[in-house]
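Engineer: Below are the chains, spelled out letter by letter.
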Amino acid sequence: MGELHVKERDIVVPGEVLATGMDFLPAGGAYRDKELIIASQVGLIAVSGRLVKVVALNWKYLPKKGDTVIGQVVEITQNNWFVDIGYMNDAAISLKEGTIEYIPRGADLSQYYNYGDYVVASVCNMSRLLDLTMKGPGLRKLTGGRIIKINPAKVPRIIGKEGSMITMIKQATDCKIIAGQNGYVWMSGLDPEKERVAVEAIRLIERKAHIQGLTEEVKSFMEKELGVKNDIQ
Amino acid sequence: MTYNKRSDGRKFDELRPIKAEVGVIPRAEGSARFQIGKTVAVAAVYGPRPLFPKFLKNNERGVLRCYYNMLSFSGSGERVRPGPSRRSKEIGLVTEKALAPALDLTAFPGSTIDVFIELVQTDAGTRCAGITAAAMALADAGFPMKDLVSAIAVGRIDDKIVIDVDKSEEDYEGGMADISIAMMPRTGQVTMLQMDGYLKRDELREVLKTAQKACAEIYKNQKEAFEARYTK
Numbered sequence: 001m002g003e004l005h006v007k008e009r010d011i012v013v014p015g016e017v018l019a020t021g022m023d024f025l026p027a028g029g030a031y032r033d034k035e036l037i038i039a040s041q042v043g044l045i046a047v048s049g050r051l052v053k054v055v056a057l058n059w060k061y062l063p064k065k066g067d068t069v070i071g072q073v074v075e076i077t078q079n080n081w082f083v084d085i086g087y088m089n090d091a092a093i094s095l096k097e098g099t100i101e102y103i104p105r106g107a108d109l110s111q112y113y114n115y116g117d118y119v120v121a122s123v124c125n126m127s128r129l130l131d132l133t134m135k136g137p138g139l140r141k142l143t144g145g146r147i148i149k150i151n152p153a154k155v156p157r158i159i160g161k162e163g164s165m166i167t168m169i170k171q172a173t174d175c176k177i178i179a180g181q182n183g184y185v186w187m188s189g190l191d192p193e194k195e196r197v198a199v200e201a202i203r204l205i206e207r208k209a210h211i212q213g214l215t216e217e218v219k220s221f222m223e224k225e226l227g228v229k230n231d232i233q
Numbered sequence: 001m002t003y004n005k006r007s008d009g010r011k012f013d014e015l016r017p018i019k020a021e022v023g024v025i026p027r028a029e030g031s032a033r034f035q036i037g038k039t040v041a042v043a044a045v046y047g048p049r050p051l052f053p054k055f056l057k058n059n060e061r062g063v064l065r066c067y068y069n070m071l072s073f074s075g076s077g078e079r080v081r082p083g084p085s086r087r088s089k090e091i092g093l094v095t096e097k098a099l100a101p102a103l104d105l106t107a108f109p110g111s112t113i114d115v116f117i118e119l120v121q122t123d124a125g126t127r128c129a130g131i132t133a134a135a136m137a138l139a140d141a142g143f144p145m146k147d148l149v150s151a152i153a154v155g156r157i158d159d160k161i162v163i164d165v166d167k168s169e170e171d172y173e174g175g176m177a178d179i180s181i182a183m184m185p186r187t188g189q190v191t192m193l194q195m196d197g198y199l200k201r202d203e204l205r206e207v208l209k210t211a212q213k214a215c216a217e218i219y220k221n222q223k224e225a226f227e228a229r230y231t232k
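Same order as they appear, the protein sequences are chains A and B. Residue numbering for the first sequence is 1 to 233, as defined by this note's numbering. Residue numbering for the second sequence is 1 to 232, as defined by this note's numbering.
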């Protein structure tokens, strides 16, 4: 029972009826109104079983608990660091959540993270205030390398299914890459030329996230730029 | 004396040619250009961002601020004096009320979403073109919306109901009724309804019916703008 009105990879806009019937479940940029499933964002359709998902093509980053984000320290007070993660307000890292080491009261916080430093942190509280923690695997201050800012909606595509896309780029360019859910991406490589190729590859994905066959296109782009045949995966 | 032929030869229920585009202002979170006949509206959306002055802040929900402006060279070429006027402030207010029902502002408490609408060229139907462009710009920015908002100006000239009035019809000698309508096309829910002039009750019913058909067509154009942007 029920009828699907769209197919895989269709582009939909808010207000479009995607499916009729209680069998279907909305996901991503879709919602239910009585027995209709309707799009709420501009995006591409992805159907899996009864799930009708709209993968939004553009969104403003909204922090969620557990998100890994990259941000820049913009303010330091007695008990907090304030970090800009591209959200409306700056996020706060409290003394307690700054590091697993013990920080005595009255200590100079800039000794740990200074103005302008970039850090990888995790969102631990998203109520009235935005709180981050640095206590967790892989969370640390970032040194060296460079930061690029991409559309947060494209981060899942950059990472790929089970990390396949980002792993492919890392291996081909010998770069360390961390992609924050907020669209800030850190990359660091020993060879500046390879680092540049990694940046271009990510920009390519950002531009063409909605096109099929992207993995192949990125692979051949990197092969051409690096001049070697990489047989990854 | 009855209105028999439209100045540009259109049928009574025919819209002027439409051209819709999104992503025209890359620096904005979302943007769109909507052209109907000679009326051209460009909308840019910024936010959500912190709202100052603080007394305007609402800690339960975000605030939507809409600015409407006609460029100095839009219109007949008589320089439009710059700066907000009573008219543009009112249009900003009705635009905000026309768009807010489509958005979920509780997702952004304490913030503002700023919508700027500029009329580059005007030939009547400007607030409607502005609202139509603004709805596309909000969707372009990725804000979850119940539906897009489409708007159209309908006229009653003598005893005829005409869709999408242009300036010459707005200035019709015998006087006319000029009705601006904005609605969410899927459900037909009206979010703006303004009128200049006089109308009989059953004429209003006919106006709303024709407006709904026109808005469905405008919605198609809005959707095509997004399809064009993302099929490259």
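Worth flagging that the hints you see were computed from the coordinates, not collected in a lab. Keep in mind it's a predicted model, so treat the numbers as computed, not measured. Note that beta-carbon positions come from the ideal geometry of N, C-alpha and C, so glycine has one too. Hints may be right or wrong, so weigh each one.
Simulated pairs of lysine to aspartate or glutamate, EDC-like, Cα-Cα distance not exceeding 16 Å [stated by the list, open to error]:
no., chain 1, residue 1, chain 2, residue 2
1, A, Lys170, A, Asp90
2, A, Lys208, B, Glu227
3, A, Lys7, B, Glu169
4, B, Lys146, A, Glu225
Ranges of calculated distance between the beta carbons of each label pair, as one might list FRET restraints [claimed, not checked]:
no., chain 1, residue 1, chain 2, residue 2, range
5, A, Lys224, B, Pro53, 26 to 32 Å
6, A, Glu223, B, Ala107, 47 to 53 Å
7, A, Pro137, B, Glu60, 34 to 40 Å
8, A, Lys224, B, Thr231, 52 to 58 Å
Partner residues aside, some chain B positions facing chain A, computed with beta carbon under 10 Å [what the hints assert, rightly or not]:
no., residue
9, Pro53
10, Val80
11, Pro101
12, Ala107
13, Asp114
14, Ala139
15, Pro144
16, Gly175
17, Gly197
18, Lys200
19, Gln222
20, Tyr230
Engineer: Determine for every hint whether it applies to the structure shown.
Structural biologist: To see whether the hints hold, each was checked on the structure:
no.: 1; hint: A:Lys170 to A:Asp90; verdict: violated, 30 Å
no.: 2; hint: A:Lys208 to B:Glu227; verdict: holds, 14 Å
no.: 3; hint: A:Lys7 to B:Glu169; verdict: violated, 44 Å
no.: 4; hint: B:Lys146 to A:Glu225; verdict: violated, 44 Å
no.: 5; hint: A:Lys224 to B:Pro53: 26 to 32 Å; verdict: violated, 54 Å
no.: 6; hint: A:Glu223 to B:Ala107: 47 to 53 Å; verdict: violated, 43 Å
no.: 7; hint: A:Pro137 to B:Glu60: 34 to 40 Å; verdict: holds, 37 Å
no.: 8; hint: A:Lys224 to B:Thr231: 52 to 58 Å; verdict: violated, 25 Å
no.: 9; hint: Pro53; verdict: violated, 16 Å
no.: 10; hint: Val80; verdict: violated, 32 Å
no.: 11; hint: Pro101; verdict: violated, 12 Å
no.: 12; hint: Ala107; verdict: holds, 7 Å
no.: 13; hint: Asp114; verdict: violated, 12 Å
no.: 14; hint: Ala139; verdict: holds, 5 Å
no.: 15; hint: Pro144; verdict: holds, 4 Å
no.: 16; hint: Gly175; verdict: violated, 36 Å
no.: 17; hint: Gly197; verdict: violated, 31 Å
no.: 18; hint: Lys200; verdict: violated, 32 Å
no.: 19; hint: Gln222; verdict: holds, 7 Å
no.: 20; hint: Tyr230; verdict: holds, 5 Å
Checked against the numbered hints listed earlier, the structure breaks hints 1, 3, 4, 5, 6, 8, 9, 10, 11, 13, 16, 17 and 18; every other hint is satisfied.
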